[in-house]
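Heads up: the protein sequence lines correspond to chains A and B, in order. Using my numbering, the first residue of the first sequence is number 1, and each one after it goes up by one. Using my numbering, the first residue of the second sequence is number 1, and each one after it goes up by one.
For the record, the hints were derived by calculation from the structure and aren't laboratory data. Nothing here was measured: the structure is a model prediction, and the numbers come from that model. For each residue, glycine too, the CB sits at the ideal point set by N, CA and C. Don't take every hint at face value.
[As the list claims (entries may be wrong)] Partial selection, computed: residues in chain A whose CB lies under 10 Å from chain B: (1) Ser-6; (2) Arg-9; (3) Ala-66; (4) Trp-69; (5) Ser-73; (6) Arg-96; (7) Leu-107; (8) Arg-108; (9) Val-137.
[Said to hold, decoys possible] Listing some non-contacts, in silico: residues in chain B with all C-beta distances to chain A over 12 Å: (10) Pro-19; (11) Ala-24; (12) Lys-32; (13) Pro-45; (14) Asp-50; (15) Asp-56; (16) Glu-59.
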Amino acid sequence: MADDSSKQRRKVQEIYSGDSDYYITSTPHAKSSSLTRAAEILRPAGGVHLDVATGAGHTAFQMAPACGWVIASDLTQGMLESTRKNGAQKGVANYRLLCTDSENIALRDGAVDSVSVRIAPHHFADVQKAIDEMARVLKPGGKLIYIDNIAPEEPPEAKRYNDFEAVRDPSHNRCDSLPVLVEMIENAGLRILYTETIRKRMDFEEWVARPHLTDADKADLRNFLDDPTPAIAYWLNPRDEDGAFCFDELEGVILAQRP
Amino acid sequence: MTIDKELLEILACPVSKKPLELSADGNFLVCKESKLVYKIQDGIPIMLVDEAIPLDEWEKSQA
């Protein structure tokens with residue numbers, strides 16, 4: 001497991017080191033509705049906030065105005081340079097950068113008042129370990145807002161969906177279903193306060209506009225959406241809309257509290 | 001760029017989860033428990049076990 005975890009971490013570091021500025025403007029990361037929902041649902045009120053796997057820092061900076069200060073943390077040092085650029089562009093000052101692995105967070109027990117993680121755990125090698133770490137660094141009464149793409153509940157459909165995502169993003173490890181995520185968060189000793197699901201529209205051409213994708217990869221991804229199983233058709237809802245071919249990704253949103 | 005004091009107060013070694021000591025030159029964080037040393041680059045603590053320096057090796061380089 002340790003070897004698999006290290007390999008997955010290296011894969012994430014390689015991909016995100018070379019592509020970090022993309023995430024400053026990437027639509028799902030910078031503009032999706034879950035960005036504002038994260039702060040609306042968590043309602044931070046001062047104190048220290050930790051954003052895990054911050055990427056370009058969008059969620060950290062969304063939380064910052066309501067916090068004493070925030071820690072924007074990421075596994076990839078190059079990504080944190082993009083976080084710094086994004087923070088300067090947004091005029092945010094009350095944040096600190098921390099290069100740390102989500103499965104071995106370099107903070108003391110009970111160090112922070114709240115934690116967020118958004119559209120990132122599907123890259124983690126060991127999601128349960130990362131959630132355990134997020135729970136560990138929370139103060140008693142502190143809250144976690146956990147947001148990630150979710151997979152269908154039926155395992156064969158979840159596998160189809162994860163294989164589809166992995167073609168587009170080689171650092172994609174696994175999306176879980178909402179009930180599985182809830183169970184893992186409860187296993188970490190946190191109490192679930194609230195859940196919701198958000199559909200986000202993905203423009204296919206924008207979604208596949210990644211330098212490493214070949215025309216054959218793009219054709220495979222399009223074929224998957226053109227000929228889906230009934231469950232995938234419901235889950236992704238591929239369609240032509242406003243002159244563009246698009247589909248939906250589903251984000252699970254979970255608010256939990258350390259007792 | 002030096003490390004922020006508020007952040008330093010809550011940082012821990014990712015292995016031992018124990019507090020860290022800041023080196024005299026302000027460029028490293030030392031964990032005596034796990035015997036690992038972490039670099040600070042541009043004010044960012046690099047708290048990755050894969051990139052940590054063994055304490056004995058670091059002490060020799062500082063001598």
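Cross-check of the supplied hints:
Restraint check, Ser-6(A) versus chain B: the minimum CB separation of about 7 Å is within 10 Å; hint holds. Proximity of Arg-9(A) to chain B holds as hinted, the smallest CB-CB distance being about 8 Å (cut-off 10 Å). For Ala-66(A), the interface hint is violated, the least distance from its beta-carbon to any beta-carbon of chain B being 17 Å, above 10 Å. Residue-level restraint check for Trp-69(A) holds (minimum Cβ-Cβ distance to chain B is 7 Å; threshold 10 Å).
Taking 10 Å as the C-beta cut-off, the interface hint given for Ser-73(A) holds, the closest approach to chain B being about 9 Å. The beta carbon of Arg-96(A) comes within 5 Å of a beta carbon in chain B, closer than 10 Å, and the hint placing it at the interface holds. Taken as an interface hint, Leu-107(A) checks out: its beta carbon lies about 6 Å from the nearest beta carbon of chain B, inside 10 Å. The interface hint given for Arg-108(A) holds, since its Cβ lies 4 Å from the closest Cβ of chain B, which is under the 10 Å cut-off.
With a least beta-carbon distance of about 9 Å to chain B, the hint placing Val-137(A) at the interface is held under the 10 Å criterion. The claim that Pro-19(B) lies off the interface is violated: its Cβ sits roughly 7 Å from the closest Cβ of chain A, which falls inside the 12 Å cut-off. No Cβ of chain A approaches the Cβ of Ala-24(B) within 12 Å, the least distance being about 21 Å, so the stated non-interface status holds. For Lys-32(B), the condition that its CB be more than 12 Å from all CB atoms of chain A holds, with the nearest at approximately 16 Å.
For Pro-45(B), the shortest C-beta to C-beta distance to chain A comes to about 6 Å, within the 12 Å cut-off, and the non-interface label is violated. Not every CB of chain A is more than 12 Å from the CB of Asp-50(B) (nearest about 7 Å), against its label as outside the interface. Distance to chain A confirms Asp-56(B) as a non-interface residue, since its nearest Cβ pair spans about 21 Å, more than 12 Å. Non-interface status of Glu-59(B) relative to chain A is upheld: no Cβ of that chain comes within 12 Å, the nearest being about 21 Å off.
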